[in-house]
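Peer 1: As they're listed, the protein sequences go chains F and A. Residue 241 is where the first sequence starts when you use this note's numbering, and the numbers rise one by one after that. Residue 34 is where the second sequence starts when you use this note's numbering, and the numbers rise one by one after that.
It is possible that part of the hints are untrue.
[What the hints assert, rightly or not] In silico lysine to aspartate or glutamate, DMTMM-like type, Cα no more than 25 angstroms apart, as pairs: (1) 266/A to 309/F; (2) 352/F to 301/A; (3) 38/A to 147/A; (4) 386/F to 396/F; (5) 580/F to 569/F; (6) 266/A to 308/F; (7) 352/F to 382/A; (8) 315/F to 301/A; (9) 315/F to 419/A; (10) 407/F to 308/F; (11) 588/F to 640/F.
[To be verified] Some residues of chain F that are not near chain A, with every Cβ distance over 12 angstroms (derived): (12) 304; (13) 345; (14) 349; (15) 506; (16) 520; (17) 546; (18) 628.
[Said to hold, decoys possible] Coverage of chain A stretches by chain F, computed from C-beta distances (three or more under 8 angstroms per stretch; other residues unrestricted): (19) 283–297; (20) 330–341.
Derived from the structure by calculation, the hints contain no laboratory data. Just so you know, these numbers come straight off a predicted model, no measurement behind them. C-beta atoms are modelled at their ideal positions from N, C-alpha and C, and glycine is treated no differently.
So the chains spell out like this:
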Amino acid sequence: MIKKLIDKLNEINKFDRNADNGERSKKLFGLAALYETPNEIIEAAAVVAGKGYEKFDVYTPYPLHGMDDAMGMDKPKVGYVSFIFGLTGMCLALLMIGWMSGIDYPNIIGGKPFFSLPPSIPITFEGTILLTGIATVLGMLVLFNKLPKIDSPLNDTDFMRNVSSDKYGIVIQTDDDLFTEQDVKNLYLSTGAYNVQEIFYRESNLTTKTPLFDKKFISAIIGTAVVTAVVTYFIVNFVLYSTVPFDWMWVQPRIDSQSPSTFFPNNSGMREPVNGTVARGFLPYEYKGLPDSSVKLLANPLAVSKEVLERGQDRFNIYCSPCHGYFGEGDGRLKGLFPKPPTLHSKKVKEWTDGNIYHVITNGQNVMPSYAEQVSRDDRWAIIHYIRALERSKDASEQDVELAK
Amino acid sequence: MDYQKKLLPSKLGTIGYALLGIGIVSIGVSFAVNSHRAFFDYLWMYMFLISIGVGSLALVAMEYLVGATWSTPFRRVSEFLAALIPVLVVLTIPLFFGLHDLFHWSHPEAVASDPILQAKEPYLNVQFFTIRVVIYLAIWLIFFLLFSRNSEKQDLTGDPALTKQSIKLSAPFAILFLLTIAFASIDWMMSLEPHWYSTMFGVYYFAGTLVSAFAAATFCSVMLNENGYFTKKLSNNHYYSFGTLLFGFNIFWAYIAFSQYMLIWYADLPEETFWFIMRMKEGWAYYSIGLVFVHFIIPFLILLPRSSKVNPNLLKVMSIWMLVAHAYDLYWLIMPTYFTDGFGFGWSEIGVMMFAAGLMITVFKYRADRKNLVPVKDPKLQAGLDYHLT
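Let the sequences and hints guide you as you build the complete structure.
Peer 2: Here is the structure:
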């Protein structure tokens, strides 16, 4: 395989457009001259520019100071492109910050306004520099150097070989208005050229189609991008992020709840709330552990409504019905696994105030444990409303039946 | 190199003496009328002259240190301006009579009732302050004498070893310059508000120093060049470099100034923000916003195009502009401590600046009459005259 590759390379190297056949010499691109020293080429360029030639270019192995002036080149205009794109970048960055922090996701940070200028300046600066830099390079390449230039008649000529190693060359193109072969030749010789040659080419040999949109090229680029992205994804996720310190913060120098810590005197990592602390949404129950009679004055804070009754039914069916039964008659589904409670339709319960029932649910009674942990305060009151409804439904009057319709 | 020494017009000397005379009279009257304000004006002028004098010496050292050739033809301009340093030594003395007018921390009774000042007392006390000022002046003076001695000796002998020696001198001077200029600004200007601190203050003043010293060098060089004082005319390449560096130093100042502002704005600590709040009160608010335009936005936009960097007339205008902007900046740093109720500006401020301008012209003329305007036998001179950018 390597041998094949080497053969291929040799084949490419052997290819010489000068040598293919006589047809190449059909068209003259221009006249080229070679000089030995940089001073000569600068003088020659000045003479050529002075004679009024416009379509000429100078080729040197390295940049020469003073060549711009000698060739009479205009001042570079790429600065305008940079300036316009710099302004665009500045505006875009400001708009981006303004939209993100002022409109789309306003957040209070350090008590500052959502959008303010001072913290936006660095990003505005970066946006300006980014677009200026990109526009300057691309503008220089595309607008002023006219790249991508696919092919030139000068490619693969002896002239090019010389000027890319140690000689200094100049080419005046035939399509210059002042071009006549004899004049140009004389001009070259009078400025001290040691070699004057004609550059011929054949149009059919020039590549005109840009390889930039070639299917193979595009798919190679996309393929490379996909492979790079996938490989990076796996490397970053499984190699980098699984090692300290890039482990998604799985390992942290922190004290978890319930774990000990020598930092505090009692060696407990958790702190206890200050005495008298009331958790959000909870009110302490004043009658805890007191006899039933003391709670007679406690009234149901919830007004009866469809939602409250439905909530009460829901909670009753979950927490109360296993023992008390769905209708509160003490016929729960536990079937003797637990002592059957008395019915809720007894005269005693009916005559109880809501406060009494609340007290029982909260504190428990006899075998019944406290349900304060499982059922919230409001739900307990809702259950009481529902129990009252159950009691009323047991011996409903004519009126009630009418109302229910 | 055949160099024909050409004297500066005597008219310049007359202008210098006239400005100096008016300035001295004005300062004298000002001290008689209101010595408190006069000391602040005087400090403002003093800091401005430090910027030009010491900054010019730094530019000379910078040329040696980086091996620049393009600036060699007009290096003498900066050397002449650095001759302000011996004058500065004399100009420092009156300030010590006004320490109590200028510095709150110099009052022992104020320190006694102020825990912050008590904590800063080991640094901010009159004895140590005096020692530091003497050290700064000694360092600047010694290096000024060494650099100018080497440079003048070379005019006679043309010995390249002298350039080597100056390069060796410039390395320690670069470090000492940064330290002294930063500490001098902290001592003379930041301690006007002894409760306030900014770790960027030294760099801020350093940035302003470079802009103003370079602007002064640019103005003088362009003027001298247009009137044919150099052996060979400076080209557009020199002008372009003047413009670019003026532009670049100015952006550096803006960068530092903004960084200082943004950090204090972000942290929003009362012990830091009060300094800016002082400058946002009453008339000072307009003055502070004006600083952004005068010192950054306007010169930035004017100096941005390539064409304005090679335009000698514009360069002259802009270098004077930057000198004024630096004075504007220093006024902003110093004077709010005096004008606590709002912005103020009057004849006594104009008077001290006339003195400063007169002093610079006189010193420059004095040196130019006695020395060569071009370092005639400097080994880098020819390369500097032939300097080519593209």
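Peer 1: A separate judgement is required for each hint: does it hold in the structure or not?
Peer 2: Cross-check of the supplied hints:
Note on residue 266/A and residue 309/F: the hinted pairing holds, with a Cα-Cα distance of about 18 angstroms set against a maximum of 25 angstroms. Our distance criterion of 25 angstroms between C-alpha atoms is met by residue 352/F and residue 301/A, whose separation comes to about 9 angstroms. For the proposed pair residue 38/A and residue 147/A, the alpha carbon gap of about 61 angstroms is over 25 angstroms, so the pair is violated. Note on residue 386/F and residue 396/F: the hinted pairing holds, with a Cα-Cα distance of about 20 angstroms set against a maximum of 25 angstroms.
With a C-alpha separation of about 10 angstroms, the suggested pairing of residue 580/F with residue 569/F holds against the 25 angstroms cut-off. At roughly 20 angstroms between alpha-carbon atoms, residue 266/A and residue 308/F fall within 25 angstroms of each other, so this suggested pair holds. Between residue 352/F and residue 382/A the CA atoms are separated by roughly 38 angstroms; this puts the pair beyond 25 angstroms, and the hint is violated. Restraint check: the Cα-Cα separation between residue 315/F and residue 301/A comes to about 48 angstroms, which exceeds 25 angstroms; the hinted pair is violated.
Among the hinted pairs, residue 315/F with residue 419/A is consistent with the structure: their alpha-carbon atoms are about 21 angstroms apart, no more than 25 angstroms. Between residue 407/F and residue 308/F the alpha-carbon distance is near 18 angstroms, which keeps this suggested pair within the 25 angstroms criterion. For the hint pairing residue 588/F with residue 640/F, the CA-to-CA distance comes to about 22 angstroms; that is within 25 angstroms, so the pair holds. Here residue 304/F does not stay apart from chain A, with its beta-carbon only about 9 angstroms from theirs, under the 12 angstroms limit.
At roughly 19 angstroms, the least C-beta separation between residue 345/F and chain A is larger than 12 angstroms, which holds for a residue marked as non-interface. With a least beta-carbon separation of about 9 angstroms from chain A, residue 349/F fails to lie farther than 12 angstroms from that chain, contradicting its non-interface assignment. Look at residue 506/F: its CB is around 37 angstroms from the nearest CB on chain A, clear of 12 angstroms, so calling it non-interface holds up. Residue placement check: residue 520/F keeps its beta carbon more than 12 angstroms from all beta carbons of chain A (closest about 31 angstroms).
In this structure residue 546/F is separated from chain A by more than 12 angstroms, as the shortest Cβ-Cβ distance comes to about 53 angstroms. For residue 628/F, the non-interface assignment is confirmed: its Cβ lies about 59 angstroms from the closest Cβ of chain A, beyond the 12 angstroms cut-off. Counting residues of the segment 283–297 of chain A whose CB lies closer than 8 angstroms to any CB of chain F gives 3, which reaches the minimum of 3, so the coverage claim holds. Coverage of a stretch by a chain is defined here by at least three residues with a beta carbon nearer than 8 angstroms to that chain's beta carbons; for the segment 330–341 of chain A and chain F the count is 4, and the condition holds.
The structure does not agree with the numbered hints 3, 7, 8, 12 and 14 stated previously, though it agrees with the rest.
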